[in-house]
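Number of protein chains: 2
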Amino acid sequence: MAEEEEVPAILVLASSFGIDIKSQNPPKYRFLEAFSSNLPLLQFLQQQQTLPPSVRAIICNALKPVTADVIRSLPSLGLVVTASAGTDHIDLTECRRRRIQVVNIGGLFTADVADMAVALLIDVLFKISAGDRFARNWGLSKPLGFPFGSKLGGKRVGIIGLGRIGGEVAKRLEAFDCIIKYHSRNKNPSVSYTFYSNVVDLASNSDVLVLCCPLTEQTRHLINKEVMLALGKDGIIINVGRGALIDEKELVQCLVKGEIRGAGLDVFEDEPNVPKGLFPLDNVVLSPHAAALTLDGFKDSCEYVTQSLDTFFSIKPQVS
Amino acid sequence: MAEEEEVPAILVLASSFGIDIKSQNPPKYRFLEAFSSNLPLLQFLQQQQTLPPSVRAIICNALKPVTADVIRSLPSLGLVVTASAGTDHIDLTECRRRRIQVVNIGGLFTADVADMAVALLIDVLFKISAGDRFARNWGLSKPLGFPFGSKLGGKRVGIIGLGRIGGEVAKRLEAFDCIIKYHSRNKNPSVSYTFYSNVVDLASNSDVLVLCCPLTEQTRHLINKEVMLALGKDGIIINVGRGALIDEKELVQCLVKGEIRGAGLDVFEDEPNVPKGLFPLDNVVLSPHAAALTLDGFKDSCEYVTQSLDTFFSIKPQVS
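The listed protein sequences correspond, in order, to chains A and B.
Residue numbering for the first sequence follows the UniProt record's numbering, starting at 1 and increasing by one per position.
Residue numbering for the second sequence follows the UniProt record's numbering, starting at 1 and increasing by one per position.
Since the hints were made in silico from the structure, they are not lab data.
C-beta: ideal position from N, C-alpha, C; glycine also.
Take these hints with a grain of salt, some might be off.
Using 30 Å as the maximum straight-line C-alpha spacing, the simulated DSS-like pairs for lysine-lysine come out as follows [stated by the list, open to error]:
hint	chain 1	residue 1	chain 2	residue 2
1	A	Lys257	A	Lys276
2	A	Lys155	B	Lys28
3	B	Lys249	B	Lys233
4	B	Lys233	A	Lys155
Derived CB-CB ranges, DEER-like [to be verified]:
hint	chain 1	residue 1	chain 2	residue 2	range
5	A	Glu33	B	Thr216	56 to 64 Å
6	B	Ser204	A	Leu295	17 to 25 Å
7	A	Ser192	B	Gly154	24 to 32 Å
8	B	Glu303	A	Arg156	21 to 29 Å
9	B	Thr311	A	Thr194	36 to 44 Å
10	A	Ser314	B	Asn205	35 to 43 Å
Which bits of chain B does chain A cover? Going by a derived footprint, with three or more residues having C-beta under 8 Å, they are [to be verified]:
hint	region
11	167 to 176
12	181 to 193
13	289 to 298
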């Protein structure tokens with residue numbers, strides 16, 4: 001284990017989280033920058049000689065999985081900080097077993113993710129991205145040759161997961177005169193929105209489904225073909241949760257066949273691989289897991305990550 | 001002039017407004033479909049032999065100007081119905097002189113246009129359209145290679161024209177925790193938003209300007225270089241009013257030089273010609289005057305146009 005006076009070694013999996021931390025002088029941490037290598041993480045760690053055994057914390061984000069194998073290769077690991085709300089990319093069972101602390105970004109991105117959900121919904125309904133493609137050639141086309149979009153007001157929006165993010169999505173869409181319904185593990189007595197204990201029932205009674213719940217074994221492929229058929233030909237799916245909440249193969253089929261009207265997707269099952277079947281479609285809006293990629297949000301999350309490290313390492317010595 | 005029993009002749013300038021009307025049986029109107037000809041309107045009218053002198057109404061939209069020359073060539077014209085909120089494309093002076101009634105679509109598109117304004121703003125901030133272009137190639141690029149966007153919450157939004165549309169934009173953006181300010185001909189005592197009598201002052205104190213006012217001689221090029229420089233390098237302009245509210249050449253320059261951060265434009269000075277200088281830019285979102293192009297809105301406006309004709313022609317005989 002690391003000595004009292006030693007500068008803690010931190011394994012950094014994502015390029016974007018070293019900047020603010022590295023500018024500290026004198027350096028509080030030694031950074032092992034896995035992102036700068038093209039090797040798979042485990043291989044990268046095997047190549048390093050001295051540092052991995054002393055690594056005491058990992059910094060990652062939703063795109064950088066922390067598997068049981070990675071955790072096992074780091075005997076001194078005590079902390080995983082993820083710059084994401086979800087923790088599904090981290091092997092929580094192994095963390096629990098080893099008593100490794102897992103810190104997520106909490107509510108830091110709540111507003112951004114909710115904004116993204118609304119943005120994707122309006123974009124699908126109003127065909128903003130498709131319109132932008134069209135307008136860049138507008139002079140050459142007929143003025144009104146652009147296909148019609150659809151109103152937002154009055155739409156029945158079924159929110160799946162009425163936590164922090166879902167609640168903010170609801171607040172925003174109420175201002176657009178949408179009718180809010182929801183499915184959640186439990187009914188929330190403090191809201192007046194109609195609750196559905198069953199996702200198929202919610203889909204049958206909604207024009208739009210917005211996925212805001214975490215990915216767990218219970219929610220994996222929650223949106224399957226049955227749910228999509230219940231949502232129907234005029235239905236739209238917005239996903240700002242995690243890609244695997246949807247059976248992505250079925251989603252592509254439903255979109256191609258017109259069994260649902262459209263989709264706005266900020267997340268995918270196998271990021272950064274977007275299903276190629278979506279590329280030719282004008283009824284989908286694709287976003288590269290970008291909800292939290294704002295400059296202000298980035299600064300905030302850098303601060304949060306630094307703070308999480310500082311808290312962990314300043315508290316530790318007092319405990320031991 | 002047309003006889004009592006004669007079926008009134010209607011000049012239709014836009015292709016999209018004959019559908020519902022033509023399905024009437026027996027036909028209440030004879031339609032002169034100028035949109036089906038490639039000729040300029042005046043030339044088209046000169047080519048027609050008998051009908052133009054009997055034309056009693058025009059149906060148009062914002063993309064189809066009704067000039068003084070057109071009006072002069074139609075001696076029996078008594079009504080112009082435009083499927084748009086604005087009437088700046090109609091020579092109102094000539095209409096007044098001839099006592100020709102001008103009917104616009106009123107508040108029918110209010111919510112759609114407000115939705116479009118918010119959609120364009122979020123799109124510029126979050127780079128949705130640019131992200132969609134990026135995501136369609138995401139697998140090939142670095143996961144986090146996409147440039148950062150910017151938060152919506154807390155932004156100071158200066159609304160220019162706090163009428164029906166401006167009010168709805170304010171309502172929506174309040175739900176995103178934006179700070180609303182406005183400029184209008186007169187201060188509105190029923191709202192608590194900060195009023196600026198001067199557009200440059202509003203721009204200096206805003207992160208975003210949303211243009212929702214009608215185009216008049218007073219508002220033409222209201223957004224000039226001085227206003228854009230006052231808005232500044234982090235500023236964003238959203239235009240759902242009319243293209244000529246902005247000095248478009250200066251806008252392109254400011255966007256290219258980074259003197260403002262970005263723009264979301266549903267309208268242009270010389271539609272359907274979008275300034276070519278905008279095409280290579282990723283900090284603009286272009287929309288082909290599509291705010292009202294929803295399927296539901298289209299049905300509503302067809303009904304509204306039919307109703308306006310019916311009202312006009314059923315009332316007329318009683319008056320004469």
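Comparing the hints with the structure gives:
At most 30 Å may separate the alpha-carbon atoms for a hinted pair to count; A/Lys257 and A/Lys276 meet this at roughly 15 Å. Restraint check: the Cα-Cα separation between A/Lys155 and B/Lys28 comes to about 35 Å, which exceeds 30 Å; the hinted pair is violated. Note on B/Lys249 and B/Lys233: the hinted pairing holds, with a Cα-Cα distance of about 17 Å set against a maximum of 30 Å. In summary, the hint linking B/Lys233 to A/Lys155 is not supported, as the alpha carbons are separated by about 37 Å, beyond the 30 Å threshold.
Between A/Glu33 and B/Thr216 the C-beta distance comes to about 59 Å, which sits within the given range of 56 to 64 Å. Taking 17 to 25 Å as the suggested C-beta distance range, the pair B/Ser204 and A/Leu295 conforms, at roughly 22 Å. Between A/Ser192 and B/Gly154 the beta carbon distance is about 28 Å. The supplied range of 24 to 32 Å therefore holds. Checked against the hint of 21 to 29 Å, the pair B/Glu303 and A/Arg156 passes, with Cβ atoms roughly 23 Å apart.
Under the hint 36 to 44 Å, the C-beta atoms of B/Thr311 and A/Thr194, about 40 Å apart, fit the expected range. Judged by the Cβ atoms, the range 35 to 43 Å given for A/Ser314 and B/Asn205 holds: they are separated by roughly 42 Å. Counting residues of the region 167 to 176 of chain B whose C-beta sits closer than 8 Å to any C-beta of chain A gives 5, which meets the bar of three, so the coverage hint holds. Counting residues of the region 181 to 193 of chain B whose C-beta sits closer than 8 Å to any C-beta of chain A gives 0, which falls short of three, so the coverage hint is violated.
Counting residues of the region 289 to 298 of chain B whose CB lies closer than 8 Å to any CB of chain A gives 9, so the stated coverage by that chain holds, three being the minimum.
Hints 2, 4 and 12 from the earlier list are contradicted by this structure; the remaining hints agree with it.
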